[in-house]
Each structure stands twice: as C-alpha cells, then as structure tokens.
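K.L.:
Sequence:
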Amino acid sequence: MNVLEQSTIGEFVAKDFRTAAVFSKYGIDFCCKGNRTIEEACEKKNLDFAQIEKEVTQLLETKSEGAIDFKSWPTDLLIDYIEKTHHRFVEEKSPVLLPFLDKLCKVHGHNHPELFEINELFIGCANELAQHMKKEENVLFPFIKQMENALRTGQAIEQPHFGTVENPIAMMKHEHENEGDRFVKIAEITNNYTPPSDACNTYKVTFAMLQEFEQDLHKHIHLENNILFPKAIEMQNRFTV
Numbered sequence: 001m002n003v004l005e006q007s008t009i010g011e012f013v014a015k016d017f018r019t020a021a022v023f024s025k026y027g028i029d030f031c032c033k034g035n036r037t038i039e040e041a042c043e044k045k046n047l048d049f050a051q052i053e054k055e056v057t058q059l060l061e062t063k064s065e066g067a068i069d070f071k072s073w074p075t076d077l078l079i080d081y082i083e084k085t086h087h088r089f090v091e092e093k094s095p096v097l098l099p100f101l102d103k104l105c106k107v108h109g110h111n112h113p114e115l116f117e118i119n120e121l122f123i124g125c126a127n128e129l130a131q132h133m134k135k136e137e138n139v140l141f142p143f144i145k146q147m148e149n150a151l152r153t154g155q156a157i158e159q160p161h162f163g164t165v166e167n168p169i170a171m172m173k174h175e176h177e178n179e180g181d182r183f184v185k186i187a188e189i190t191n192n193y194t195p196p197s198d199a200c201n202t203y204k205v206t207f208a209m210l211q212e213f214e215q216d217l218h219k220h221i222h223l224e225n226n227i228l229f230p231k232a233i234e235m236q237n238r239f240t241v
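Be aware that the sequence shown starts at 1, since it is given in the working numbering, and climbs by one per residue.
Just so you know, these hints were derived from the structure itself, not from any lab. Virtual Cβ for every residue (Gly too), placed ideally from N, Cα, C. Heads up, a few of these hints could be off.
Claimed, not checked - Mimicking DMTMM-like on lysine to aspartate or glutamate, the simulated pairs with C-alpha atoms at most 20 Å apart in a straight line are: (1) 33 with 43; (2) 103 with 120; (3) 185 with 234; (4) 173 with 234; (5) 54 with 16; (6) 25 with 234; (7) 134 with 188; (8) 134 with 166; (9) 45 with 181.
Stated by the list, open to error - Pairwise CB distance ranges, derived in the manner of DEER restraints: (10) 81 with 107: 19 to 29 Å; (11) 188 with 166: 46 to 56 Å; (12) 71 with 194: 33 to 43 Å; (13) 68 with 209: 32 to 42 Å; (14) 107 with 191: 18 to 28 Å.
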C-alpha cells in the first residue's frame, strides 16, 4: 500500500484544499468523516476508487496558485481566522436565515410541508452551533493558545480542569458530526438546494443561503478536525515527553 492509499481524506484536504471539490463531487464527507481513507469511503458509497484516486492525484500534481497553506499557520493565527471568518459567518447568517425559513413555512408550507422539517433542522443547528462556538472560544481555544505560548517561551502550563486536551476535542468533533448529519438531511430534503418550480425569490434566496451555510460549515469543520485539533494534540504530547 503506497502513501497515497494510506492517507486519510482529511489529510488530503489539509494538504491541498482543492481536493475538497473532488470529494464533494462524489458526496464524500471530508470534514466530519475525514478520518477515513479514500478506499474506505468508496467501499461505503460503492464508488470507483481508482477514478477518484486518479482525480485527486492529478490535482495534487498540478501547481496551486494562491492556495492558502493553513497547515503552516501557527495555531493562534488559525484560531483567530476560524473565529473571525467562520464563527462570525454563523453569527451573521443564522439571524437572517431563521426568519426567512419561518416566512417560507407560513407562505408555502401548505404546498411544501417539507419546509417545516427544514426549518426545525436549521433552528436546531443554529442553537447548537451557538453553544458549540462559545465552548470553543471560552475553553478549548484559549488553552490551545496557552500551550503554544508556553512552548514558545519555555514556560510550564497548569493542568486544565478537563484533563487532556483530547477530551474537549472529542466533544467538539462529536458535535461537528451532529451538525454535519443535520445538513446532510437538509440537503436531501431540498434536493441539494433545488427550489421547486413555484418558488418565489425569497424561496430561491433562502435555499442559496442554506447551501452557502453548509459549504462554510464544511470548511469550518475541516480546519478544526483536520488541522487545528491534530496540532493541539501534538503540542500537548510535547509537554508529556
């Protein structure tokens, strides 16, 4: 088995985010379930492993112009980017989407009862993400920054109340998976965000915003699951050597 076959999907995307487009094209989860190999994902979804591997390989062999190498970033910079880009996106878009979805239910719900389920799913997502992000901002992220600063300055760190950093990371990854699954369901119900023939402009805009929300969530989770969290665990291990 070569290195390419041993690498996980998350590792491919962490190395070159352009590969995310290949995995998305085939409906392969690169964020919440990025800890699988391409072969394992293909077996699960009955996909052509050789074809997908070929596409990923060809992409990796082409020069990437202007791609951001998030893996090379220090963790404090990556955390600031996640908070200011992706946490802020959720905080700004959720209050816009919620009344839009409520309006669609009132106006179109009698003809499209699936809107009520979509609305309920997104309400759950918005509420859970709000709590999730606060836990990251108030507990996990400050400790990761503390570890990085301690390694840089040669100082010691106090044992956190949560024990090992892997404990809150495991909780965050579990919550990521819950929200990923929620959006899988939303995508299914909306036929991949395809508005019905009788959709008004608000209907079309809302579906487009939901799709944008899902795409941002995938990148958000990828940056944490596949890059930030492994870096944090690696840093912690340097204190225990």
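K.L.:
Each hint: holds or not?
P.N.:
Consistency of the hints with the structure:
no.: 1; hint: 33 with 43; verdict: holds (14 Å)
no.: 2; hint: 103 with 120; verdict: holds (13 Å)
no.: 3; hint: 185 with 234; verdict: violated (34 Å)
no.: 4; hint: 173 with 234; verdict: holds (17 Å)
no.: 5; hint: 54 with 16; verdict: holds (15 Å)
no.: 6; hint: 25 with 234; verdict: violated (32 Å)
no.: 7; hint: 134 with 188; verdict: violated (29 Å)
no.: 8; hint: 134 with 166; verdict: holds (18 Å)
no.: 9; hint: 45 with 181; verdict: holds (16 Å)
no.: 10; hint: 81 with 107: 19 to 29 Å; verdict: violated (38 Å)
no.: 11; hint: 188 with 166: 46 to 56 Å; verdict: violated (32 Å)
no.: 12; hint: 71 with 194: 33 to 43 Å; verdict: holds (35 Å)
no.: 13; hint: 68 with 209: 32 to 42 Å; verdict: violated (24 Å)
no.: 14; hint: 107 with 191: 18 to 28 Å; verdict: holds (19 Å)
Of the numbered hints stated above, those contradicted by the structure are hints 3, 6, 7, 10, 11 and 13, listed in ascending order.
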